[in-house]
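Engineer: Next come the chains, spelled out residue by residue.
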Amino acid sequence: MSTNRRRHANAIPIASFVTWAFVGIIACVGGLGYVWTKNQLYTTGTEIKMLERELADLRNKNEVALSKISQLSSTAKLQERFDTGFIKLVPITNEHIVVLSNGAAPQNKGELRSISNQGGNE
Amino acid sequence: MNRTARTRALTTCCLLASCYTAFSFRLVQLQVTQHDEYAARAAETHVNRQTIYARRGVIQDVHGEPLAQNEPVRTVIADGTLIKDREALADVLAPALGLERSLVLEKVSREVYSKTHKKNVPVPYIVLKKDVAESVVSGIQDQLAERKMRGVFFEQETTRVYPNGHMLCHVLGYVNGENVGVDGVEKTMEQFLRGHDGFRYTERDRTGKEIVPYRGQEKEARNGCNLRLTIDMGLQNIVEQELDAAIKQFRPKSATVILMNPKTGGILAMANRPNFNLNVQDKVPLDYRRNRALSDMVEPGSTFKIVTAAAALTERIVRPTTMINCENGFMASCKLRDHHPYADLSVNDILVKSSNIGVAKLAIQLGDQKFYEYVRRFGFGERSGVSLPGEISGIVHPPHRWSKISITRMPMGQEVAATPLQVASAMCVIANGGQLMMPQIVQDILDEEGHVITHFAPQEIRRVASQDATNAVRNALVDVVSPKGTAALARVAGFKVAGKTGTAQKYDEKTRLPSHEKYVVSFLGFMPAEDPAFVALVLFDEAQAKPGQNYGGLVAAPVFSRIGEKAARYLGLVPSPEEPTGSIMAGQNSRDR
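Taken in order, these protein sequences are the chains called H and S. Just so we're aligned: the first sequence equals residues 1 to 122 in this note's numbering. Just so we're aligned: the second sequence equals residues 123 to 715 in this note's numbering.
Extracted from the complex, chain H is given alone in its bound form (with noise of 0.2 angstroms):
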């Protein structure tokens, strides 16, 4: 036998090791990114699904605090504030309002009307 042919037959064959070693490293790394993966999918969804509950529990404390804001500055809320003289105001009835109109002057069209409270403190 041949040197070169001894050498030929004892050859550690890197090529086919390089080879079949690079397809296990992707098929590892394939298999461990699609566990990876998988488990970020189920993870985000999870994180997700906490949002969405954050978000709608927001949504109802804004609409509960929005709900609340209309019920005590609504009309009848305020009329019972104004009746039971926690709002502290003094009508002004018709003998405290002096009008100033010009009778010339068009009516009707919005414009400024002078008007003076005869009593500085009512």
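Any given hint could turn out to be false.
What the hints assert, rightly or not - Selected chain H positions facing chain S (in silico; Cβ < 10 angstroms):
1. 16
2. 46
3. 47
4. 84
Unchecked claim - Pairwise CB distance ranges, derived in the manner of DEER restraints:
5. H:81 - S:375: 27 to 35 angstroms
6. S:245 - H:25: 51 to 59 angstroms
7. H:39 - S:163: 24 to 32 angstroms
8. S:340 - H:31: 30 to 38 angstroms
Unchecked claim - Capping the alpha-carbon separation at 27 angstroms, the derived lysine-lysine pairs in BS3-like fashion look like this:
9. S:252 - H:68
10. H:68 - S:251
11. H:61 - S:628
12. S:331 - H:61
13. H:88 - S:370
14. S:331 - H:38
15. H:68 - S:309
16. S:370 - H:77
17. S:688 - H:77
18. S:270 - H:68
19. H:77 - S:632
20. S:270 - H:61
21. H:49 - S:252
22. H:49 - S:628
23. S:270 - S:229
24. H:38 - S:341
25. S:668 - H:61
26. S:628 - S:375
27. H:49 - S:331
28. S:341 - H:61
29. S:331 - H:88
30. S:341 - H:49
31. H:77 - S:331
32. S:632 - S:688
33. S:252 - S:370
What the hints contain is simulated information worked out from the structure, not anything from laboratory work. Heads up, the beta-carbon is just placed ideally off N, CA and C, and yes, glycines get one too.
Got chain H; can you put chain S on it based on the hints?
Structural biologist: Leaving out everything else, chain S in the frame of chain H:
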């Protein structure tokens, strides 16, 4: 290989081939032939159609004040299969939900017979309480988390809230348990308010948790549109306050006040008594829920005289100055009386003095058919078309069904049944120069951001009377609200007011004659007379006034005056320089009809 071995090998191969063929066949059957059936079965178990509820639209007044809106609430559900310590759970839930501890304990301990397990098992879905506020729910959630308790869930729902309670109850209406409008604007505008629910297909694992990545088809909910009404809450509040004060004073069986913009037909305020709180309306009697402004028929009484006068003037049968003989208070041919005897009155004065004989003669001159035609043209005997439910058309008999004296009774508002809204609309014709406008309650349909989707423009139904005729009637009505007229108490200091009183006797079912105790009294007017900002009808049914004082001019007119004064200030109306601002004295004529 000998024959036996070959046979064995062949047999084995055949068996294996048959086996795999059978498997393949079954596989094809499962995956192809019966795919849909099994996919549906799997979906039934794991796939869930989740409804995304649409938000009901908000109702606002003309300035954007919310009148009806939504508030999120929760329904508290218990799952008996997950509850370990029922006693402890009842201790947490009972005080928070305001329920008896024994009741909560009884509910969470309920059991049903299970065919699968062949024994009694706890109920997995128990409704503990509905409409629980969010704040209460978060308190319960905290307590449950602290004590590590399971088995209680909170389902999301919404409830309709009316911030103004009693105010405008007959106009707004209300919704039922399924959030569907059953009365008022909530009912008529249901298709715009309700929106469209969306959906989402989700998959769940065997523990019931949603697998978010496997979400299927999804359709967003389309929330309902918001509505902007023609109602002005400032004016509505004035009307409600004055109506309440009048109710305390006169204790009528029922009362109605309507404020309308004569130029557009927009209803600015509408109030009825009795009324109810929209937020607590479970045990309210049906009679309280009726919008009497549209669903009650009344004899309009003398307020109807404006129709007769406008018709006669439009047809140019008479002029405002034409003198009519009023027979000194008694017309023998048809047994018709005036409240005071008058010899000759001008057409103008017929309205000012509210002469029954005078208007009867005007109608006789017009003729049956022509008079009937005008009554119908003013909108009597037909629905106005307002976007509110329960409107009736009233009763106006055609001439062939009239008696011989009908032509003398109808001009003064007898033998005619009209809704308060029809009466107010008729006055709008006089106030706006002769056009019958469609009463309008909804002004705009808005999207969620407040952009106008649809605007309801004022709608003119028809021209009813000429400008000259309505001007003449208007001048007469201004005199009605003067010391010489029947409605001096309707005056508003600083403003020229036009109006007409009405006092109609009610029919006594016992005697089958007009009652001398039960009256429908009203005042119908507008101001400022030169350029009307609003028409108002104040109507009381069976007001408990002092004997001899149950007249429109004494009961309803002062209420109009107070509403008019406040409304003028609220609307910033410019007072007329010709009108005095001093105190108002009532004349004797206020007792006239």
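Engineer: Could you run down the list of hints and mark each one as holding or not?
Structural biologist: The hints, checked one at a time:
no.: 1; hint: 16; verdict: violated (34 angstroms)
no.: 2; hint: 46; verdict: holds (7 angstroms)
no.: 3; hint: 47; verdict: holds (9 angstroms)
no.: 4; hint: 84; verdict: violated (14 angstroms)
no.: 5; hint: H:81 - S:375: 27 to 35 angstroms; verdict: holds (32 angstroms)
no.: 6; hint: S:245 - H:25: 51 to 59 angstroms; verdict: holds (56 angstroms)
no.: 7; hint: H:39 - S:163: 24 to 32 angstroms; verdict: holds (29 angstroms)
no.: 8; hint: S:340 - H:31: 30 to 38 angstroms; verdict: holds (32 angstroms)
no.: 9; hint: S:252 - H:68; verdict: holds (19 angstroms)
no.: 10; hint: H:68 - S:251; verdict: holds (22 angstroms)
no.: 11; hint: H:61 - S:628; verdict: violated (54 angstroms)
no.: 12; hint: S:331 - H:61; verdict: holds (25 angstroms)
no.: 13; hint: H:88 - S:370; verdict: holds (25 angstroms)
no.: 14; hint: S:331 - H:38; verdict: holds (17 angstroms)
no.: 15; hint: H:68 - S:309; verdict: holds (25 angstroms)
no.: 16; hint: S:370 - H:77; verdict: holds (21 angstroms)
no.: 17; hint: S:688 - H:77; verdict: holds (19 angstroms)
no.: 18; hint: S:270 - H:68; verdict: violated (32 angstroms)
no.: 19; hint: H:77 - S:632; verdict: violated (45 angstroms)
no.: 20; hint: S:270 - H:61; verdict: holds (25 angstroms)
no.: 21; hint: H:49 - S:252; verdict: holds (25 angstroms)
no.: 22; hint: H:49 - S:628; verdict: violated (67 angstroms)
no.: 23; hint: S:270 - S:229; verdict: holds (20 angstroms)
no.: 24; hint: H:38 - S:341; verdict: holds (26 angstroms)
no.: 25; hint: S:668 - H:61; verdict: violated (55 angstroms)
no.: 26; hint: S:628 - S:375; verdict: holds (12 angstroms)
no.: 27; hint: H:49 - S:331; verdict: holds (10 angstroms)
no.: 28; hint: S:341 - H:61; verdict: holds (24 angstroms)
no.: 29; hint: S:331 - H:88; verdict: violated (57 angstroms)
no.: 30; hint: S:341 - H:49; verdict: holds (17 angstroms)
no.: 31; hint: H:77 - S:331; verdict: violated (45 angstroms)
no.: 32; hint: S:632 - S:688; verdict: violated (42 angstroms)
no.: 33; hint: S:252 - S:370; verdict: violated (38 angstroms)
Hint violations for this structure: numbers 1, 4, 11, 18, 19, 22, 25, 29, 31, 32, 33, all remaining hints satisfied.
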